[in-house]
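Colleague: In order, the protein sequence lines correspond to chains A and B. Sequential numbering from 1 applies to the first sequence in the working numbering. Sequential numbering from 1 applies to the second sequence in the working numbering.
Keep in mind that a hint or two might mislead.
Said to hold, decoys possible - Each computed DSS-like pair below joins lysine-lysine, with the alpha-carbon atoms no more than 25 Å apart:
hint: 1; chain 1: B; residue 1: Lys242; chain 2: A; residue 2: Lys172
hint: 2; chain 1: A; residue 1: Lys291; chain 2: A; residue 2: Lys115
hint: 3; chain 1: B; residue 1: Lys174; chain 2: A; residue 2: Lys329
Said to hold, decoys possible - So the derived label-pair ranges between C-beta atoms look like this:
hint: 4; chain 1: A; residue 1: Glu259; chain 2: B; residue 2: Pro214; range: 45 to 55 Å
hint: 5; chain 1: A; residue 1: Leu332; chain 2: B; residue 2: Lys169; range: 51 to 61 Å
hint: 6; chain 1: A; residue 1: Thr93; chain 2: B; residue 2: Lys9; range: 31 to 41 Å
hint: 7; chain 1: B; residue 1: Leu211; chain 2: A; residue 2: Thr313; range: 23 to 33 Å
hint: 8; chain 1: A; residue 1: Leu332; chain 2: B; residue 2: Gln167; range: 36 to 46 Å
hint: 9; chain 1: B; residue 1: Thr278; chain 2: A; residue 2: Asp102; range: 29 to 39 Å
hint: 10; chain 1: B; residue 1: Phe274; chain 2: A; residue 2: Asn146; range: 35 to 45 Å
hint: 11; chain 1: A; residue 1: Glu259; chain 2: B; residue 2: Leu211; range: 18 to 28 Å
hint: 12; chain 1: A; residue 1: Glu95; chain 2: B; residue 2: Lys296; range: 49 to 59 Å
hint: 13; chain 1: A; residue 1: Glu96; chain 2: B; residue 2: Leu395; range: 39 to 49 Å
No wet-lab data here; the hints were simulated from the structure. In this text the structure is predicted, and so the values were computed from the model without any measurement. In this text, a Cβ means the ideal position worked out from N, Cα and C, and glycines have one as well.
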Amino acid sequence: MSKEIKKWFSLNLGNKKQCACNDTKSNTTEDGFSQVFDISMNRRQAFKKITAGLLVGAGAVSTSCSVVSSGERKEKSQIEWEEYFKGNYKLMTDEEKQQTVDRLVRSYELRTGKKINISTKGAEKDVLFGYAFNISKCQGYMDCVNACVKENNQDRASEMQYIRIHEMNDGKGLNFGEADDTFYHEVPAAGHFYMGTQCFHCDNPPCIEVCPVQATWKEKDGIVVIDYDWCIGCRYCMAACPYDGRRFNWSTPQIPEQEVNKEQHYLGNRLRKKGVMEKCTFCVQRSREGKNPACVEACPTGSRIFGNLLDPTSEIRWVLANKKVFRLKEDLGTEPKFWYFMD
Amino acid sequence: MKVLINLIKDSIVYLTHGRKSYHIWMAFLTFLMLVGMYSYSLQIQHGLSVTGMTDRVSWGLYISNFTFLVGIAAAAVMLVLPAYVLKDFNFKQAVLIGEGLAVAALLMCLAFVIADMGGPARLWHLLPGIGVFNFPSSMLTWDIIVLNGYLFINISIPLYILIKRYQGKVPNPKIYIPGVMISVFWAVSIHLVTAFLYQGLQARPFWNNALLGPRFLASAFAAGPALIILVLAVIRKFTDFKIDDKTIRKIALVVTVAAQINLIMLISELFKEFYAPTHHSESAYYLFFGLHGKAKLVPWIWTAITMNVIATVILLFHKLRNNFTILYIACVLLFIGIWIEKGFGLIVPGFIPGPWGKIAEYFPTTPEIGVTIGIWAMGAFIFSMLARTGIAIELGKVKYKKG
Chain A
1 MSKEIKKWFS LNLGNKKQCA CNDTKSNTTE DGFSQVFDIS MNRRQAFKKI TAGLLVGAGA
61 VSTSCSVVSS GERKEKSQIE WEEYFKGNYK LMTDEEKQQT VDRLVRSYEL RTGKKINIST
121 KGAEKDVLFG YAFNISKCQG YMDCVNACVK ENNQDRASEM QYIRIHEMND GKGLNFGEAD
181 DTFYHEVPAA GHFYMGTQCF HCDNPPCIEV CPVQATWKEK DGIVVIDYDW CIGCRYCMAA
241 CPYDGRRFNW STPQIPEQEV NKEQHYLGNR LRKKGVMEKC TFCVQRSREG KNPACVEACP
301 TGSRIFGNLL DPTSEIRWVL ANKKVFRLKE DLGTEPKFWY FMD
Chain B
1 MKVLINLIKD SIVYLTHGRK SYHIWMAFLT FLMLVGMYSY SLQIQHGLSV TGMTDRVSWG
61 LYISNFTFLV GIAAAAVMLV LPAYVLKDFN FKQAVLIGEG LAVAALLMCL AFVIADMGGP
121 ARLWHLLPGI GVFNFPSSML TWDIIVLNGY LFINISIPLY ILIKRYQGKV PNPKIYIPGV
181 MISVFWAVSI HLVTAFLYQG LQARPFWNNA LLGPRFLASA FAAGPALIIL VLAVIRKFTD
241 FKIDDKTIRK IALVVTVAAQ INLIMLISEL FKEFYAPTHH SESAYYLFFG LHGKAKLVPW
301 IWTAITMNVI ATVILLFHKL RNNFTILYIA CVLLFIGIWI EKGFGLIVPG FIPGPWGKIA
361 EYFPTTPEIG VTIGIWAMGA FIFSMLARTG IAIELGKVKY KKG
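Next up, chain A with everything else stripped away, as it sits in the complex (with noise of 0.2 Å):
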C-alpha cells in the first residue's frame, strides 16, 4: 500500500482540490486482494462450487429435516457462505456492492419476512462533510442521543450511545476531567454547562492509518467509514483514537424487530454483528441523501449545524467565518472536521 501518510496539513476550504481525500481508485489497482478477486471470476465459482458439494454432502446427512423448509435454509446458508467470502467494500464493483447488498436485503427479509433497503450511495461531487456544536445553546436533554440509537440501530442491551454530552461545571472552563458524561437527572442543571462529543470525522484520521486490514476509511465527501464485515475486531483504532469516538460490539446487538430502522446504508447504519467497530457516520444514510444527521434534526435548542464545507452558502461556513470556533485537541494534528463555538 503506497498510500502517503500526510501529517500536519490543514484544511483549505478555499480551494476545492484540497480536500484532501483518499484516492480510493488509485489503491485498487496495487492491492492483492482485488487482484486476485478482479481477475479470477473463477474464484468465485470454485467457492461456489465448494458450497454446493458442501451443502449436497450436508443435505445427504440431514435428511431427516422438511423438504419445505431445505430450500430457505439452502439460501440461508448458500448467503452465508458467500458473505463470508466476500471482499472489503472499498475494493468491490459496483456488481459486487450489489451483489452484496442483494444478498443482506435477502437474509433480513429469510430472518424476519420483513423488507429493508440498504443503499450503497457513494460521495458526491464537492461535497466535505462538517459539523459545528454551540456549546451555549445546549441543554443536555440528550434528544440527539436518543435519535442517534433509533436512527443508526445501535444495541439497545448494552446501552450503546455514539455521542457523549459531557455535564461540565461552570466556572471550571472547559475540564473534561470534572464533567459527567453518564449524568441521569433533571437538566438544565444550575451551575453547569452542555458539551457533546462524538467521532469527530478527522481529515487526518488517527485510526485509520493504524488498522490491518484497511476495514475503516475516509471517504471523499470526508465522513470516516467502518466495513463492518471486514472488520476483525483487533481494536486498534479504538486505542488509536483520541476522542473516544469509537464503539465495539462486545456481544451480538439487539434490537427489537419493530425498531429496527429499514432505510439503510452500507456504510451507515445496517445492522451489525458481535465483534466488529461502529461509530458516528454523520447518518451517512440521511446525509449523503441531502438531509441532516439524526442528531442535528432531533436537536431542541439548534445547537448542532451540519452542511458542506465546500458549499460558501451553508450555514456551517457562516458560523465558520462569523464566529470564534475551536476544536479539541488540535495539537494532536488530527484536524476534526467538528467545531465548537459560543454565542
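Keeping the supplied structure of chain A fixed, place chain B upon it in accordance with the hints.
Modeller: What follows is chain B alone, placed relative to chain A:
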C-alpha cells in the same frame, strides 16, 4: 524427508514415554488447556462481553500477556549470539532451551492475539493476496510480519541442528550461523516493533513515550533469561542433561545488567511523570497512587516494583547471586515483577483516564483468566515437548536408525 518423518515418529514415541512425574505434569497442563478451551468457547458464544473489557478499557489481560511474551521470545534468543558466534560453549547448552522457549512464547503470543480478536473467523482478511494487508501504515502489520518471521527462524535453526545431531552428524556452522545472526537482530526488532505499536498512538500519552521501546528491551532481557535460569534449574534436576554452574552464572550476569538498566529507566520515567506533572501524567498517577478513589492497580504495581528492586539488589551482590537458591528466588521475583509491570501495569493505565478523563476501571473476569491460564498451559506444554525432544537428541537417546 525420510529422516524428518522418522524424527517425528521417534520423538512421538519418546514423548509418550516417561516417568510418572512427567506424565502428571503433562496431564495437569492438558487439564488447564481444557479449562482454557471451555472458557474460550464461552467467549466465542457470547462475544468478548464475557471479558472485563469495555469501550472505556478496550485492551486487557490478553494484550498484556501478549506484550510480555514478545519480550520473553526476544530475550530467549539473545543467548544465542555468545554461544554460536563467540564460541562460548557454556552458553551452548542454554541455547537450544532458549530457542525452544522462544517458539513456545511466540505461539502463546499468537494465541493471545487471536483470543483478543472480535472476529477470529475473519482472520483471513489479513492474509496478503486474498485479504488486505495495510502495510506499512499499520504497526500491527509490521508486528505480524516480524513475529511470524521470527517464529520461522526459530523453528528452522534448531530443527536443522537437531536433524543433523539425530543422524549423528555435526551441523555445518556455515549454514546455521547466518541464520543465528539474523535471528539476533530479528529479536530486537520484534520487541521494538511491539513497543512501537503502543508508542505510535498520540491518543494515549502514557504510551506515547520515547523510552517505551528501550524499556521493553531492558525488561525483556531481564525477565527472559531469568525464566531460562529457572527452566535450566528444573532440567538439571530432572534430566541427565549436564548444565555447568558456569552457564547459569553467566546468564545470571545478563539478568543482573538488564535488571539494573530497567530500574534506571523506571526512575527516569517516574521522575518525568512526578517531578513536573502535567495533564498527561494522570495515567501514571492512577497506576501508582490511584485517581479519585479508584486504585485497583496500585497494590499490583507496588508489588511489582518491590519485587523488581529486591531482585535487582540480590543480583547486585556476587555472594548472593552465586548462591543458587537465592538466585532462583531472585529470578522468580524478577519474572513476576516484570510480568505485572509490563503486562497490565503497562496496558491498562494507557486507557485510564479515557480520552475525556473518564476513569473506568478494568479487572479480568473468570473466563478471561481461564483463557489466559489455558494459553500459558499450552505454552508450557509445547515447551516441555520441544525441550524434551531436543535434550534427548542432544544426549543421543533418540537416534536415526537406517532402514
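Colleague: Indicate, hint by hint, whether the structure satisfies it.
Modeller: Taking the hints in turn, this is what the structure says about them:
1. Distance hint between lysine 242 of chain B and lysine 172 of chain A is unfulfilled; the C-alpha atoms sit about 69 Å from each other, more than 25 Å.
2. Distance check on the hinted pair: lysine 291 of chain A and lysine 115 of chain A sit about 23 Å apart at the alpha-carbon level, within 25 Å; holds.
3. Of the pairs offered as hints, the one joining lysine 174 of chain B and lysine 329 of chain A is violated, with about 55 Å between alpha carbons and a cut-off of 25 Å exceeded.
4. For glutamate 259 of chain A and proline 214 of chain B, the Cβ-Cβ distance of about 53 Å falls inside the hinted range of 45 to 55 Å, so the restraint holds.
5. Judged by the Cβ atoms, the range 51 to 61 Å given for leucine 332 of chain A and lysine 169 of chain B holds: they are separated by roughly 59 Å.
6. One distance hint, 31 to 41 Å for the beta-carbon pair threonine 93 of chain A and lysine 9 of chain B, is violated here, with the actual separation near 51 Å.
7. In this structure the hint that leucine 211 of chain B and threonine 313 of chain A lie 23 to 33 Å apart at CB is violated, the actual value being about 51 Å.
8. A C-beta distance of roughly 59 Å is found between leucine 332 of chain A and glutamine 167 of chain B, which places it outside the suggested range of 36 to 46 Å.
9. Checked against the hint of 29 to 39 Å, the pair threonine 278 of chain B and aspartate 102 of chain A fails, with Cβ atoms roughly 54 Å apart.
10. Between phenylalanine 274 of chain B and asparagine 146 of chain A the Cβ separation comes to about 43 Å, which falls inside the hinted range of 35 to 45 Å.
11. Between glutamate 259 of chain A and leucine 211 of chain B, the C-beta spacing of about 50 Å breaks the proposed range 18 to 28 Å.
12. The hint said 49 to 59 Å for the Cβ distance between glutamate 95 of chain A and lysine 296 of chain B, and at roughly 53 Å that hint holds.
13. A hinted range of 39 to 49 Å is violated for the C-beta pair glutamate 96 of chain A and leucine 395 of chain B, which are about 59 Å apart.
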